[in-house]
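Protein chains: 2
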Amino acid sequence: MVAEIICVGTELLLGDILNSNAQFLAQQLAGLGIPHYYQTVVGDNPDRIKKVIDIALGRSQLLLFTGGLGPTPDDLTVETIADFFGSPLRERPEIIEDIERKFAQRGRVMSPSNRKQALIPEGADILPNSSGSAPGIIWQNPRDGVTIMTFPGVPAEMHRMWEEIAVPYLKSHGWCQETIYSRTLRFWGIPESALAEKVNDFFNLTNPTVAPYANHGEVKLRISARAPSESAAQELILPVEEELRKIAGLDCYGADGDSLASVVGQLLLNTGASLSVAESCTGGGLGAMLTSISGSSNYFYGGVISYDNRVKVGLLGVQEADLMEFGAVSSIVAKQMAVGVRSRLETTFGLSITGIAGPGGGSEDKPVGLVYIGLAGPSEEVESFEYRFGNIRDRHWIRNLSSCTALDQLRRKLLNS
Amino acid sequence: MVAEIICVGTELLLGDILNSNAQFLAQQLAGLGIPHYYQTVVGDNPDRIKKVIDIALGRSQLLLFTGGLGPTPDDLTVETIADFFGSPLRERPEIIEDIERKFAQRGRVMSPSNRKQALIPEGADILPNSSGSAPGIIWQNPRDGVTIMTFPGVPAEMHRMWEEIAVPYLKSHGWCQETIYSRTLRFWGIPESALAEKVNDFFNLTNPTVAPYANHGEVKLRISARAPSESAAQELILPVEEELRKIAGLDCYGADGDSLASVVGQLLLNTGASLSVAESCTGGGLGAMLTSISGSSNYFYGGVISYDNRVKVGLLGVQEADLMEFGAVSSIVAKQMAVGVRSRLETTFGLSITGIAGPGGGSEDKPVGLVYIGLAGPSEEVESFEYRFGNIRDRHWIRNLSSCTALDQLRRKLLNS
Chain A
0 MVAEIICVGT ELLLGDILNS NAQFLAQQLA GLGIPHYYQT VVGDNPDRIK
50 KVIDIALGRS QLLLFTGGLG PTPDDLTVET IADFFGSPLR ERPEIIEDIE
100 RKFAQRGRVM SPSNRKQALI PEGADILPNS SGSAPGIIWQ NPRDGVTIMT
150 FPGVPAEMHR MWEEIAVPYL KSHGWCQETI YSRTLRFWGI PESALAEKVN
200 DFFNLTNPTV APYANHGEVK LRISARAPSE SAAQELILPV EEELRKIAGL
250 DCYGADGDSL ASVVGQLLLN TGASLSVAES CTGGGLGAML TSISGSSNYF
300 YGGVISYDNR VKVGLLGVQE ADLMEFGAVS SIVAKQMAVG VRSRLETTFG
350 LSITGIAGPG GGSEDKPVGL VYIGLAGPSE EVESFEYRFG NIRDRHWIRN
400 LSSCTALDQL RRKLLNS
Chain B
0 MVAEIICVGT ELLLGDILNS NAQFLAQQLA GLGIPHYYQT VVGDNPDRIK
50 KVIDIALGRS QLLLFTGGLG PTPDDLTVET IADFFGSPLR ERPEIIEDIE
100 RKFAQRGRVM SPSNRKQALI PEGADILPNS SGSAPGIIWQ NPRDGVTIMT
150 FPGVPAEMHR MWEEIAVPYL KSHGWCQETI YSRTLRFWGI PESALAEKVN
200 DFFNLTNPTV APYANHGEVK LRISARAPSE SAAQELILPV EEELRKIAGL
250 DCYGADGDSL ASVVGQLLLN TGASLSVAES CTGGGLGAML TSISGSSNYF
300 YGGVISYDNR VKVGLLGVQE ADLMEFGAVS SIVAKQMAVG VRSRLETTFG
350 LSITGIAGPG GGSEDKPVGL VYIGLAGPSE EVESFEYRFG NIRDRHWIRN
400 LSSCTALDQL RRKLLNS
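Heads up: the protein sequence lines correspond to chains A and B, in order. Letter 48 of the first sequence, counting from 1, is numbered 47 in numbering that gives the first Met the number 0, and no numbers are missing. Letter 391 of the second sequence, counting from 1, is numbered 390 in numbering that gives the first Met the number 0, and no numbers are missing.
Isolated chain A (complex conformation) (with noise of 0.2 Å):
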């Protein structure tokens, strides 16, 4: 039994977005064990639609369809499929409800248009979208041994149908023989070639295999093992798992789901320490960073966001004399701003960040990229950081670079005390 990725829009033919979908329900396909050979993109036309689906019948048993289910005119993927398979739709009153329900929680009526939503094609199923007006299906048998399913094209929306309603389903239904089951650690402060160097001999190995990967400044390494159950799976990588977190060591902060902000946040818990941020370069980055985490209230009191030196010396109480002297781009008032933010909030830690984001800005001593990162402990003694991220990437790179740098240096610092 293989599954077939269709993913439809016009907005896909002209290159608006990318087509994020595919890769989300390809690894999601992989870790299931259910085998997929073909994605096909196709945009907002009824005949090229059923041209696709007449191909991936002669392919595939399980199609799984992405876009196409807004209110819009050319919102028309289950019409098509209906229509394909020569079945009259039928408005489904709890989808009306539904949306209804949801249009009245942010206040509003809904909209004729969405009543075209609510049209299922008899004998499909609804497929609930728990955080979005547009429904999916579920269509078992339109054909003897096909199941359809589609999906909105809206990543987040997708993603919750998925894991809510589909694969439960597929489980169920005896889609998934054999498990691919899979771990993620995750590295920060160490390059990947560096990274892949020390770990090189792990990357021959069959079951679990290990496999690197890069992105946003972040090394990952997946481990993933193949068995009859998730828990078969999990005793193949827990030991490949012990072993590459004994080589890295410090640079392995966590795994899976877990982000630098997570980590630090659980840490300071397990303390009891709090802690508050002095933003420049990263004009709030840091401090949204902490706060994506729920109840990082438990321990993240706030912070000054400096964009202008005024603010620097009236809320953080940086000495004037040392922005003039040394520039606000300077491991001396990284120091002040992390000390005067923790000695204002009166929190345990005070963290803090001053750079050159760029594009402009940067000189000839002080480049784009150059970043310096304070951090005020309940000791006296203060310390800084500096870092020069180049001018490669562009200003949002080297924001994030920095937020999360900061946080890997509380994190490393609270592991060490």
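Mixed in with the good hints, there may be bad ones.
Where chain B lies over chain A, by a calculated footprint (3+ residues, C-beta under 8 Å) [unchecked claim]:
#1 13-23
#2 68-79
#3 160-173
#4 278-287
Computed beta-carbon distance windows for the label pairs [to be verified]:
#5 A:Asn269 / B:Phe384: 51 to 57 Å
#6 A:His215 / B:Glu380: 53 to 59 Å
#7 A:Asp257 / B:Ser19: 48 to 54 Å
#8 A:Pro45 / B:Glu177: 41 to 47 Å
#9 A:Ile125 / B:Glu177: 40 to 46 Å
#10 A:Asp257 / B:Arg387: 29 to 35 Å
The hints are simulated quantities; they were obtained by calculation from the structure and are not laboratory data. Ideal Cβ placement from N, Cα and C applies to all residues, glycine included.
Fit chain B to the known structure of chain A by using the hints.
Positioned in the frame of chain A, the structure of chain B alone reads:
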């Protein structure tokens, strides 16, 4: 004459990488005015690649392949194409020399496996790769009226080969009769369905076409025109854009590369006004959005992340009594935060956000998704806005929606004053 994109690589079927090559080629084809209706992803499997070629030849004349040009045994795109058309492979000495030269430049010796990359089907031309070892092919009329091009999967190499060789070739061979030029109008504060109804008639236009998109709470209308030249296309687009802007009024905040942060920034610059922010549930996200714009230091001074109530009182002067009586998530506290940060940082405007991002922390009368935005300006009067974003989306969604909506309120204020 229709093009088709065929991406070869098992790593795509495993979801290990995002198919950015398909997006790049799609954008390029649209820009060149070469229609393309299908994209296919297939693994490194000769039989399946041949099936895909067979299907593509039935509906397209220009077949663009990416991936499978490497030196390893699983790279077999070119030999499979040659096999499909029954043409023998010939080793091309100029390719061997080129690869040896590139290896020598990096002080390395070409490995025997690279010889494979010098095999080109009889009748095909070499598509030189100036930056990598793997060349592609340009094969005109392996079958009458059919042109085939192959590119490596490495995006940087593929982009360069496309721009240096493929585009000039396509132009000189009459593939580019007309260009497709698009302009995207951006909207905030109106749901996709409501906007769609207002501009419903425009969806029936043929040249230019108008199509709606929605993501992250933003709605877009893309106007695309076909014409012999970009300027001619722009002439077709302009009157439609003006009509749409007239209909949408303030709900249309910009176009193409604009963001709410860049538009607000420009408005502040134009009026010589300055801004500070006070953030609770967004934890710095609003400041990060504002400072994502290079040059934002000209109008954005900074702000206070008042995640904990002690910070609201201590740094922003929020009244403890009001916190007790009305709670941190209330209209009066939002107003006091905005006034506090404005006077504290001595800016023209103070913008504040306090809300419940969830998933925890909600209650009967203050559910998850309840957000108050405060706006203090030069005049005495201070505004606050209440939103109920609901709890069907996740924490990230509510925080992003809160920051964007705060920027949108400031935008409307600046346009109305």
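For each hint, the structure was consulted:
Residues of the stretch 13-23 of chain A lying with their CB closer than 8 Å to a CB of chain B number 10, which satisfies the three-residue condition for coverage. Beta-carbon proximity to chain B at under 8 Å applies to 5 residues in the stretch 68-79 of chain A; the threshold of 3 is reached and the given coverage holds. With 0 residues carrying a beta carbon less than 8 Å from a beta carbon of chain B, the stretch 160-173 of chain A misses the three-residue requirement, and the given coverage is violated. Counting residues of the stretch 278-287 of chain A whose beta carbon lies closer than 8 Å to any beta carbon of chain B gives 9, which reaches the threshold of three, so the coverage claim holds.
About 39 Å separates the C-beta atoms of asparagine 269 of chain A and phenylalanine 384 of chain B, a value inconsistent with the hinted range of 51 to 57 Å. Hint check: histidine 215 of chain A to glutamate 380 of chain B, Cβ distance near 43 Å, so the stated range 53 to 59 Å is violated. Taken as a hint, the range 48 to 54 Å is violated for the pair aspartate 257 of chain A and serine 19 of chain B, whose Cβ atoms sit roughly 26 Å apart. Roughly 25 Å separates the CB atoms of proline 45 of chain A and glutamate 177 of chain B, a value that falls outside the hinted 41 to 47 Å.
Look at isoleucine 125 of chain A against glutamate 177 of chain B: about 43 Å separates their beta carbons, and that is inside 40 to 46 Å. Separated by about 32 Å at the C-beta atoms, aspartate 257 of chain A and arginine 387 of chain B satisfy the suggested range of 29 to 35 Å.
Comparing the model with each numbered hint stated earlier shows that hints 3, 5, 6, 7, 8 do not hold.
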